[in-house]
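> Now for the letters of each chain:
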Amino acid sequence: MRLLPASLRALAVFIALGLVLARSAPAPADAVDLLLVSGEDRALQPVLDRLQGAQRETHAAWTLWVGALAGKRVAVVRSDGDPLNAVAATTLALRHHPPRLIFIFGTARAHDPALHDGDVVVAGNFAAFDGIVSPTIDLGAGSDALHWDRLPHLLMTSGETEKAADTFPADPDATTVALKLRAPSGRVLRGVLGSANQINREADRIAWLHAHWGTSTEDGESAHIAGCAALFGIPVAGARVVNGSPADAAKFALEFTEAWK
Amino acid sequence: MEMKQILLLVLLAVAAHATEPVEVLVQGAEKLEVTDLVAALGPQAEKIAIGPFSFWLGRIGPHRVAVSLTGQGLINCTAATIVGIEEFHPRLIVNQGTAGAQAPFLALNDIIVGRRALDYGNFITPVRAAGAGSSPLTWTPIPQSLRDPATDKMVAFPRGFTGDAAAIAVALRTRNPLGRVFPGVVGSAHEVNLELDRVRWSHETFGMDVEEMESAHVAALAHAFGLRYVTFRVVSDAPYEGVPFDALAARATALFTINFLGNLPAPTPGSN
Numbered sequence: 001m002r003l004l005p006a007s008l009r010a011l012a013v014f015i016a017l018g019l020v021l022a023r024s025a026p027a028p029a030d031a032v033d034l035l036l037v038s039g040e041d042r043a044l045q046p047v048l049d050r051l052q053g054a055q056r057e058t059h060a061a062w063t064l065w066v067g068a069l070a071g072k073r074v075a076v077v078r079s080d081g082d083p084l085n086a087v088a089a090t091t092l093a094l095r096h097h098p099p100r101l102i103f104i105f106g107t108a109r110a111h112d113p114a115l116h117d118g119d120v121v122v123a124g125n126f127a128a129f130d131g132i133v134s135p136t137i138d139l140g141a142g143s144d145a146l147h148w149d150r151l152p153h154l155l156m157t158s159g160e161t162e163k164a165a166d167t168f169p170a171d172p173d174a175t176t177v178a179l180k181l182r183a184p185s186g187r188v189l190r191g192v193l194g195s196a197n198q199i200n201r202e203a204d205r206i207a208w209l210h211a212h213w214g215t216s217t218e219d220g221e222s223a224h225i226a227g228c229a230a231l232f233g234i235p236v237a238g239a240r241v242v243n244g245s246p247a248d249a250a251k252f253a254l255e256f257t258e259a260w261k
Numbered sequence: 262m263e264m265k266q267i268l269l270l271v272l273l274a275v276a277a278h279a280t281e282p283v284e285v286l287v288q289g290a291e292k293l294e295v296t297d298l299v300a301a302l303g304p305q306a307e308k309i310a311i312g313p314f315s316f317w318l319g320r321i322g323p324h325r326v327a328v329s330l331t332g333q334g335l336i337n338c339t340a341a342t343i344v345g346i347e348e349f350h351p352r353l354i355v356n357q358g359t360a361g362a363q364a365p366f367l368a369l370n371d372i373i374v375g376r377r378a379l380d381y382g383n384f385i386t387p388v389r390a391a392g393a394g395s396s397p398l399t400w401t402p403i404p405q406s407l408r409d410p411a412t413d414k415m416v417a418f419p420r421g422f423t424g425d426a427a428a429i430a431v432a433l434r435t436r437n438p439l440g441r442v443f444p445g446v447v448g449s450a451h452e453v454n455l456e457l458d459r460v461r462w463s464h465e466t467f468g469m470d471v472e473e474m475e476s477a478h479v480a481a482l483a484h485a486f487g488l489r490y491v492t493f494r495v496v497s498d499a500p501y502e503g504v505p506f507d508a509l510a511a512r513a514t515a516l517f518t519i520n521f522l523g524n525l526p527a528p529t530p531g532s533n
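Protein chains in written order, with the working numbering: chain A, 1 to 261; chain B, 262 to 533.
With the rest of the complex left out, here is chain A:
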C-alpha cells in the first residue's frame, strides 16, 4: 500500500506531531509580563488577594499562581525564603511562565548603618554573600570570619564556561520606576540587596559584609534569585523593606506592578 487512507494519514500526522511536541517537556510555556517573587506568606497574600482569575500550580514542593493584575498577566511564586527553594521556584516559574521581568519583594535586615526601619531599598545590584574561602590555619588557632575572603558565585554560560560575578545587576529601567515610588513608611533608596541563608547578628561581621560585599541589606534569597535570572537572561528588579512589615512590602510591590509598563 503506497498511500494510507486520508483518515489514517491524518491520524499518523497527529500522532507524529504529538510525539515531536512531547519532546519539549514540560507543558508548553505560558508567558507572562511580570513574575513577582517573595518568600514570605504575609507578603504574598495581599498580592494574591488582588490577583484576578488566579490559577494555582504546584510543581513538586513549589507553588505559583497566574492571573491578571493592573492590566498585566502576572505570575506570583512563593520562594520560601532560602537560596535553594528560591532558585528552584524561580527556575520552575521561568520555564513554565517566562516573564519579561522578575520583581523580588519582601523584608530584610540592615547591613548599612545609615538605613532606618521602614526604608525601602531598591536594588541597583544584588550580592550573594554566602561564598567564602578561609585561610589555612592550624588546629587550635580558632576560626575568625573577619579574616575570610569572598567567594563569588560563578554562573554557567551557553559556552560551557562559567563567568564570575561579584554582584548581579538589576534592570535599570525597572529600577528607575521603583525609585520613583513612595515607601509606605520611610524613604526609598537605591542599594545592594544581599542574600544568604544566614541571620547575622554579630555587629563586626555585619560591618565586614557591608564593607566587602557592599550590601545594604540581608535576606534569604534575593541575590540568588537574581543569579538565577541572569542564568536565563531574564531582567530582574527588587525592593526590600528594612525591618518592616510584609504588608508594606506587598504594598510596594503592588504599586510597582501598577507603575511598570
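For the record, the hints were derived by calculation from the structure and aren't laboratory data.
Ideal Cβ positions, reconstructed from N, Cα and C, are used throughout, including at glycine.
From the derived model, a few chain A residues whose C-beta atoms are all more than 10 Å from chain B:
id : residue
1  : D30
2  : R42
3  : Q45
4  : R50
5  : R100
6  : D112
7  : D117
8  : G118
9  : P172
10 : L179
11 : R187
12 : V188
13 : R190
14 : H210
15 : S245
Here are the simulated lysine-lysine pairs, DSS-like style, with alpha carbons at most 30 Å apart:
id : chain 1 : residue 1 : chain 2 : residue 2
16 : A       : K261      : A       : K180
17 : A       : K163      : B       : K308
18 : A       : K261      : A       : K72
19 : B       : K292      : B       : K308
20 : A       : K72       : A       : K180
21 : A       : K163      : B       : K292
Computed beta-carbon distance windows for the label pairs:
id : chain 1 : residue 1 : chain 2 : residue 2 : range
22 : A       : R100      : B       : F506      : 34 to 44 Å
23 : B       : L509      : A       : R100      : 36 to 46 Å
24 : B       : D413      : A       : R109      : 25 to 35 Å
25 : A       : P46       : B       : D409      : 23 to 33 Å
26 : A       : D166      : B       : Q305      : 37 to 47 Å
27 : B       : P387      : A       : D149      : 20 to 30 Å
Chain B: place on chain A using the hints.
Structure of chain B alone, referenced to chain A:
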C-alpha cells in the same frame, strides 16, 4: 502527503521522543568531572543545550544516561537539576565530582559514597556588639527545609537527605581505579574551609567527611521530586595533610561512576 513523508515524520518523532526519558541523570559541576563520562557515551552521543546548560545523551552500560554539566555552586546546580528533571525524567540522579576532605583519614583520590548529604552553610549567629568580633564556632546551623505539598508546611531536614540504599550498595562494591571507597557524609556550601578548627567543627557537628558545593542541594531537589539519588565525591584536597586542590582527581570519580553504571542492574522491561 506521501507515505514516505509520513513515515519520515513518524521516524523523526519517534527518534526525538526516544531521547526521553533517561534512566540516570549524571551530573558534574566542571568539565573535568564530565569529560570521561561524555566519552563513555560513545560517538553517537547527542548533545542538547538548554539555556546555559549542556546535556549529552547516550548509553553507559545497560542504561540510557544524560550527562549534565551543571556548573558549580547552588545557583547553577539547582537550576540545572530542575532543567534535567523536567527535560529527561530520570529515575536516578548521580551527582559526582571533587571535594575537600574533612575526615583526617581520607587521602587524595579516595571516594566517599554519600549515605547522606546536607547543606552546612546556613546559620544564625549570636548577638555580638561592635568590637566583639566574629566567632563561627558558636554559630547555630539552620537546616535546609522543604515544603511538603500534602500539608503545605515547611519541613526541616537537619540531617540532610539520605542516598538511595540500592544505589549505595552497588557503589560500595564498585572499583575506584585511583583510590579507596568509603560510605560517608557529604556537606555542601559555597565555602572552601581551610581553618582546621572549623573543619573539625563541621566534621563533629554534622558528621561530614567531605565538603563541596552541590550534592546536598541536588539531594534536596531529588527528594522534592521523589527521585532516587546518590552522590560520589572524590577527595581532591586534604587540609589536614596540606594536600592542595588537584583538579585531576575529578577523573577518579568519573571513572568510578562509569564502573558504577556498569554494575547498576538494568531496568526491568516496562519500568521506565
